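Using the numbering used here, the first residue of the sequence shown is number 81, and each one after it goes up by one.
Hints are all accurate, no fakes.
Quick list of in silico lysine to aspartate or glutamate cross-link-like pairs, EDC-like style, CA-CA up to 16 Å:
{"no.": "1", "residue 1": "K398", "residue 2": "D366"}
{"no.": "2", "residue 1": "K309", "residue 2": "D152"}
{"no.": "3", "residue 1": "K652", "residue 2": "D624"}
For the record, the hints were derived by calculation from the structure and aren't laboratory data.
Predicted model, so just to flag it, every value in this text is computed and none were measured.
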Amino acid sequence: MTDSNDLPFRAEYAKSNRAACKLCRSNIGKDTLRLAVMVQVPNWYHFSCFFKKNSACSEGDIGGFGSLRWDDQEKLRKNIVSGNSSTQGNVIHFTGLKTEYAKSSRGSCKCCGEIIEKDDVRIGHDRPPDPDSRVAMLNFITYWYHPGCFQDIRSDLDIPDTVGVESLKDFKKLKKPDQKELTDLLGATKVEKPKGKKRGNASKNDQPAKKQKTEEEIDEESKLKEQSKLLWGIHDKLKKTCTLDMLRTMLCNNNQNIPSGESRLLECCTDGMAFGALQQCEECKDGQLVYSSSSNGYRCTGNVTSWTKCMFETQAPKRKPWKISKSLRNDSDFLKDFKFKAGERIFPKLTQKAPTTPTTAITTPSAVAPKKEKRKEKCLKGVAIVIIGKLSKTQAALKKDIESLGGTVEKDLSSDIVLCISSNGEVKKNGKKIKEARELKLPIVDEDFLTAVTDGDPKALVSKHNIVDWTDGTDVQIASSKSKSSVIKMKVKGKAAVDPQSGKAETCHVLEGPNNAVYSVTLGLVDIIRGTNSFYKIQALGSDVGNKYFIFRSWGRVGTKIGGKKVEQLHKHEVVSEFEAVYYEKTGNTFRNRNSFEKVPGKFYPIDIDYGQDDEALQASAVAAGSCSQLPSAIIDLIKLIFDVQAMKAALIEFEIDLKKMPLGNLSKKQIEDAYQVLGNLQDLISNQSSRTKIVDATNKFYTLIPHDFGLKAPAILDDPKLIQAKTSMLDDLLDIAVAYNLIKTAKDSGKDPVDTHYESLKTDLDLLDHGSDEFEMVQKYTKNTHASTHSSYTLEVKEVFKVNRHGEEGRYEDYKDFHNRMLLWHGSRVTNFVGILSQGLRIAPPEAPVSANYCNTNSGSPTGLLLLCEVALGNMHELKQSKYITKLPKDTHSTKGLGGTAPNPSQAITLENGTVVPLGKSSKSKIYRLRCLTNKNEVPCEDEIQLQVLILQLQK
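Let's have the full structure, built from the sequences with the hints guiding it.
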């Protein structure tokens, strides 16, 4: 069964005469039949207008079809497109799409964010701006795209591949070459018109034969017709003889929920009088069942928990006899004579439904063009450049080249400039701008850089084409599309920061109240079933100068530009009460009781965020990192690598975490631990094959605790062990990133080199090993021999090896120092996790924890990774042939060992002076069959059984 919101169309009788037809623009009269295209805000049409613009493929495409009068159902059936329909050969258009030449160069593409140049072809898509607004928006706005970008994201916009260029309004107004280019890109909707004779010459034999109905179908149709007459007979008599209060009283007497609106009251009373009073939901035990023609049955309107709506649906609900009180019978002639006779509702056997998007074009497979390659990101996007001096090309020509690559050309040098373009001759002249570039430590590249950068890595090419000696160009900030975050910079005033979207960040502050109250909240709402992933922000603001007060609100879908905002000026005594009123409306909780918050079904949940403190805490040190440190250069580079904030943000983006809702500084341990608990619950639900409703409930809770950016796509249901594994690994990484970030925030600028400050915060001694030492050679051999053959896509090169001594770890390991069966084993993790690992040691990981080099997350774009060699006291091992999470080890065992399909040759292992075994033999296939693990994996139940020994900086090739 399907919810009405999932169907492409809806039919009903107009509840008022306020709505206007989207085609003819005239009002749709009350109680007349109207049809809608179901987008975020439905587009309503007169019955006669609807089929001029749209077409449904079956009765199952139209929500509310079964609730119509029988005559109107018959009218619709005649107009529904079928294989033998007379409408065959017509091209039915998808609504809301258009094309034109851009009128200026001011607009940008909503997909890639780049300017759409004047007179370039662009494609528009109409959709509502703010689905989470408090006020319903009746008008759509047009989002414009480059044609290539539109083709890339059309599936995200719910525009199927079957929609061709005929659906583009004003397509015929384009020039012929542009029409051809669009047709090649999007495909053409080709429908062969049926061949027939000239008008007047067609014979009856030329007409396609109608499909004969079976006796079963005729019988079903007869019963449905009788049922429709019965229901509408009751409906019309109730409307004529009963007031709305009488209808409410009748529902109340039968323990039925009272809906709002005349049409819903009549529908519920009609259903009860015909078939009986509906009993409570069998699944949630509390929800009210209601008839839903779209679901072709009855669905529950209750909630399983405060996070998730009940999804129970049935065609055979339990009922009780319908009661009508004496007082009601006395007030209505119809009710006075009515005698309840229990009946059973009959449901039509609906034909197969079309896709849930309003796909109204009929397209042959050959008409759809193959998907084009994704639009290439412009390599200098967002890069500000200054051209210095006279070069071989004119400045106008150079500016055109730079802008075609996404960059901008500025006249004056400032801290916002990324690099300069000049020549060796101009640098030797040492003019004013060259001196300014030296003071700002800006790289200067030659003209050849613009040619080379089109096919290479911009950051690497800046260093290669750099022609000055005051910088090597390696620190230049050129963000790629994959690592770029859209974190909003905030300026903290007091305990919070004013959201820049309010336009009041420079002139106002967030109001504070008693009991540490800060009148600034961010709320989240996730509903997997409805595809909701919404946020709502509220701030009470006061002006820094004067006595002006404002309420700022913004809302929308996480990770998209869909949404809106509102700033409202109020009196001083109104602003806090309005803030509290909005908070209560959105959450169902009072702001004063926020510390004992209880989730209310269908309402928002507060996300623990304090915007802007990240940026304040990360003010650049007065001393450049590494410039004054006496540490070896290799250790300086290591510290800069593991404390790289941009890499941490990139990791969160890779996890699809929304940095606007969860900036780095707000990775609270409690929030992550709560999310762990939800994943543990999900794992149990999947193992026990629990109902989908319970899994959806836990998924909603997880995504609310850890905001994700899914764009326009619906959040994925966490119903697969692999997804649980991925999210658990993500939380492991988040904990380590949180540790690193907190160490960065707490480091105070005392004139000390940041590298030294960060190094001291690790509370770990690192000693660089000489490349000619026996220990270095042992590590190299161990790395080479144990690199799995299945990881043949890359090789590992050991760059540096560091001896590790964590303060206090040796004492904790003392009890296991002479333990039997101690081995030197690998541990791999993301680079961003190593601050947490070095400062706090290895934590006992859940079964999903990453292991070894294949989990270092290196790649061709970021090839540098880190590995650890740890001395582990294994003792007696409990050997397993497949993955299993052990909560308690068997008697007389001290660790677990997952047997791998390949293992190091034991005869080639070496033993260190302290008795620790290093299994560095070459890998060979195991003689044990049916092993689920690729390589051996060891786990110990206590952190004290592990001592970090060696840290390896490796390069993946």
